[in-house]
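Protein chains in written order, with this note's numbering: chain A, 28 to 450; chain B, 83 to 342.
No lab work stands behind these hints: they were computed from the structure.
Backbone N, C-alpha and C define an ideal beta-carbon position, used for all residues, glycine too.
Be careful, since some hints might not be right.
Stated by the list, open to error - Restraint ranges, calculated between C-beta atoms of paired labels, are given here: (1) A:Phe-448 - B:Ala-250: 34 to 40 angstroms; (2) B:Val-212 - A:Val-47: 57 to 63 angstroms; (3) A:Ala-446 - B:Met-176: 35 to 41 angstroms; (4) B:Leu-295 - A:Gly-429: 42 to 48 angstroms; (5) A:Asp-442 - B:Val-212: 57 to 63 angstroms; (6) A:Glu-354 - B:Ala-279: 18 to 24 angstroms; (7) B:Phe-181 - A:Glu-73: 51 to 57 angstroms; (8) B:Leu-339 - A:Asp-93: 53 to 59 angstroms; (9) B:His-332 - A:Arg-443: 34 to 40 angstroms; (10) A:Arg-369 - B:Phe-181: 25 to 31 angstroms; (11) A:Pro-324 - B:Phe-181: 40 to 46 angstroms; (12) A:Gly-115 - B:Ala-279: 45 to 51 angstroms; (13) B:His-332 - A:Gly-128: 58 to 64 angstroms.
What follows is the residue order along each chain.
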Amino acid sequence: MMPCLAIGAGLSPRIQSPCVTGPDGQEHITEEAGITAPAGAALRVEMLVGEGEGVAHGQPVARCRDHPEVCFTAPMAATVASIRLHPGRKLSEVVLFRDSGGDSHHHPTQAETPAALRRLMQGAGLWQSLRRRPFGGMPAPSETPSALVVMAADTRPHAPDPRRALKGHEEAFSRGLAALATLTEGPVILCQSRGDALFDKGLAGGRITTVGTGPRHPQGLAGFHIHAHTPAALDCPVWDIHAEDVAALGDLLATGHVAATRLVRVAGAALRESRVYRTQPGADLRGLSQSLMLPGPHILLSGSALDGRQAHWLGANDRQVTALPREAAPGKRHWFLTALTRSALPKPVIPTSALTQAFGAALPAVALVRALASGDDETAMKLGVLSLLEEDVALADYVLGGEADLARLLRAALDRIAAEFAS
Amino acid sequence: MTKGLWDRETVATMLMAAYAPLAIVWLWFDGVDGAARLVLALVISGGWHLVFMLARAQPPSLAGAISALAVAMLAPEELGLIRLTLGISFGAVMGELIFGGWGRNVVNPATVTLSFLGFGFPAFGWPEFVQPVIWAVLPAAAIGVATGVMPAAVIAGAAVVTGLAAAAGLPLVPVLPAAGIVLVLLVCDPVTSAATALGRWLNGAFFGGLVCLFAYGWDGAAPLQMAVAAALLSSLAAPLFDEAAIEMWHLRRRRRLGRS
Chain A
28 MMPCLAIGAG LSPRIQSPCV TGPDGQEHIT EEAGITAPAG AALRVEMLVG
78 EGEGVAHGQP VARCRDHPEV CFTAPMAATV ASIRLHPGRK LSEVVLFRDS
128 GGDSHHHPTQ AETPAALRRL MQGAGLWQSL RRRPFGGMPA PSETPSALVV
178 MAADTRPHAP DPRRALKGHE EAFSRGLAAL ATLTEGPVIL CQSRGDALFD
228 KGLAGGRITT VGTGPRHPQG LAGFHIHAHT PAALDCPVWD IHAEDVAALG
278 DLLATGHVAA TRLVRVAGAA LRESRVYRTQ PGADLRGLSQ SLMLPGPHIL
328 LSGSALDGRQ AHWLGANDRQ VTALPREAAP GKRHWFLTAL TRSALPKPVI
378 PTSALTQAFG AALPAVALVR ALASGDDETA MKLGVLSLLE EDVALADYVL
428 GGEADLARLL RAALDRIAAE FAS
Chain B
83 MTKGLWDRET VATMLMAAYA PLAIVWLWFD GVDGAARLVL ALVISGGWHL
133 VFMLARAQPP SLAGAISALA VAMLAPEELG LIRLTLGISF GAVMGELIFG
183 GWGRNVVNPA TVTLSFLGFG FPAFGWPEFV QPVIWAVLPA AAIGVATGVM
233 PAAVIAGAAV VTGLAAAAGL PLVPVLPAAG IVLVLLVCDP VTSAATALGR
283 WLNGAFFGGL VCLFAYGWDG AAPLQMAVAA ALLSSLAAPL FDEAAIEMWH
333 LRRRRRLGRS
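Please model the complete structure; the sequences and the hints are all you need to start from.
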C-alpha cells in the first residue's frame, strides 16, 4: 500500500446534523426523478423519447449530439413527464414519473475488448460517472487516460462510507475494476480508507495499487491523490470514478442491467433525523428529505455542505443530500458604509495552519491561492492546479469564511487555461 | 453556505489574543509611559486606516493595533511626539496601507517604523526589558503556534541556529531576550514571513543567523537594534526563501513523478 498524503493532514469540519436513525441503507425510490447535465457542463443532446412516453429502467433517454455514442439512461422505469432544453438543445432537465412494476432495459454484455467496454459504458449511461482532469466533466468517448483513480473513500462531512456501499457487491467491484483497468495502460490507483483489501492482489495482472487515506478531509477527495501520485497535465488526462460506480459496472457486465440504486446520506441542520438510503440516481431531493425536515424555511443541496449546490435532483456524481436552514437575507447596510469598506478587490487571504491543512498539506497552499487570486495561470499550473476541481478547494473556501471565492477563481483559471493552452 | 472562521479579522483577533500576555506584562511594568505610547500609536495608526478607508474603500483591520503594540514596545525611548508620529505614519502608510492593507503588504509596518526610527534618529537609546516581559514571550508564542496563526517553523529555525551558535561559544546572552521579543512580535507575522514549510525554516534560520552575525560583529549597537535590523532583512528575504522552497518542491516532484 502506498502512503497516504501526510500523517494527520486535513481538517474535520463540524457541520451540524442529527444522528442517523432508521434502517441502514433502506431502499427509498422517489416518485419523481430528474436527468440533468453534470454540474458546469452544457451538453447538447438529442432526445430519444418524447414527453408522455414510457421508458424502462436503464433505457437510453437522450444522447449527446456531439458524441452520439454517449447516452443518458432512465434511472427507473418511468413515464417521461417533461423535457426542458436550453437554447441550442442543451440539456436542462428531463423529469420522469415512476411507473411501478416497469421493465428494466437489457444492455448487451459483450465487452471483451476495451472498445466494446467503452461502447457498453457509453450506451448504459455509466460514462457520466467518469470524471476527467484537467478541467473536469466526463471524458471524450475516445480519450485514453494516463491513469485511473478509483475512490473508495470519502471524507466530506456526513458522506456515506463507500465500504458500506460496496457491502454485498465485492465480486462486482472486482469485476468492474478489472474491466476498467483495460481502459488505460497507465497506473490504476484505488484510494481506500483503512481496513481490509477490497480486491485480490493479482487482479488485472497486479497493475492496481492501493493508496491509504486518513479520516480527515480532504484526504478522501480524488484531486489530492491525483496530485500526489499521478498529476494530471494537458496531455496526460487522469480519470477518477467512485468505487460504487465501479461495482455498478461490474453488475452491468454480469447481468446487462444498470444498477438501480446508490447509497445516499441525507444530513444537515434543517433535519429532525438523518438517514442513509439506497435511492436512484437523479432522485427527487424533496422526496428524500420531506419526512425528515424540521419546520421552517430551508434549502436543499445536492452534495455536501462544503461543495454541494442548490438543486431539485440528485446530481450525477453526488451521494449526499444536505438540508440547511435558509439564512435570513442580511440586513441592508447603509450605502455610505458599504461604499467605504467594500473595495473591488476581495479581502486578502492570511496564511495560517488552517489554510495549509485545508489543502491537505499537499501543496504550497498560499502560493496557489495567490496565483489564483492574481490570475497567474502559469504559476498555478506549476503548483498543480490541473489536478484540482472545485470540490478540492471547497474546504479552503469554507475555512476562509467564503471570502476568498476560490472555487470561482479556480474555475476561471481552468477555463482560461483550456482556452489558451489546451486548444 | 456554512462558513468557517479563518477570515482576515479572525486571524488578527487570534494574533491579538496571542500577544495579550506580552502586552499585559509589559504594560504592568512600563506603566503610564508605555500606555501613553500605545495610545499614541493606536490613534495615529487608526487615523491612517481611516484615511485609507475614506480614500480607497480599504476596510480597516485589527492588525493595525498589533503593529501599534509592537511600535509602542520596541520604539527608541524619549523620541518625542513629532518623531514618533512621523515614524508610525511612515510605517503604517509605506509599509502596509499603500499595498492594499494587511494581507497584501510585503514588510511588517512595525518593522518599517522601527527601522525608520532607528536609522533616522540614531542618537536615541533603545529600550530594555525586565525579565517578566521577556518570559511573557513564551505564552505569546505558544498561543500563536497552537492556534496556527504564527508559523512554528520560523521560531524553530531561529531557535536551532541561535542554539547552535550559543553552543559554539558566541556571546549571544545579551542579545537573546531582545531577539526573542522581536521574533514573536515582528518576524512571526504570518503575512510577511515565508509561507512554505521549508521557506519558514529558512526564514527563521536566516533571522537567527543575522542576530548571531550582528552580535558578533556590530560593535556599539543595542541588542534591540540588532534584532530589528535582522527582522527587516529577513522579512525582505522571505519571498526569496519561498521561491527557493517552491522551486525545490517542483524539482522533487518532477524527479519523482516526471511532471508537476
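Each hint tested on the structure:
| no. | hint | result |
| --- | --- | --- |
| 1 | A:Phe-448 - B:Ala-250: 34 to 40 angstroms | violated, 52 angstroms |
| 2 | B:Val-212 - A:Val-47: 57 to 63 angstroms | holds, 58 angstroms |
| 3 | A:Ala-446 - B:Met-176: 35 to 41 angstroms | holds, 39 angstroms |
| 4 | B:Leu-295 - A:Gly-429: 42 to 48 angstroms | holds, 45 angstroms |
| 5 | A:Asp-442 - B:Val-212: 57 to 63 angstroms | holds, 59 angstroms |
| 6 | A:Glu-354 - B:Ala-279: 18 to 24 angstroms | violated, 37 angstroms |
| 7 | B:Phe-181 - A:Glu-73: 51 to 57 angstroms | holds, 54 angstroms |
| 8 | B:Leu-339 - A:Asp-93: 53 to 59 angstroms | violated, 33 angstroms |
| 9 | B:His-332 - A:Arg-443: 34 to 40 angstroms | violated, 21 angstroms |
| 10 | A:Arg-369 - B:Phe-181: 25 to 31 angstroms | violated, 19 angstroms |
| 11 | A:Pro-324 - B:Phe-181: 40 to 46 angstroms | holds, 43 angstroms |
| 12 | A:Gly-115 - B:Ala-279: 45 to 51 angstroms | holds, 48 angstroms |
| 13 | B:His-332 - A:Gly-128: 58 to 64 angstroms | holds, 60 angstroms |
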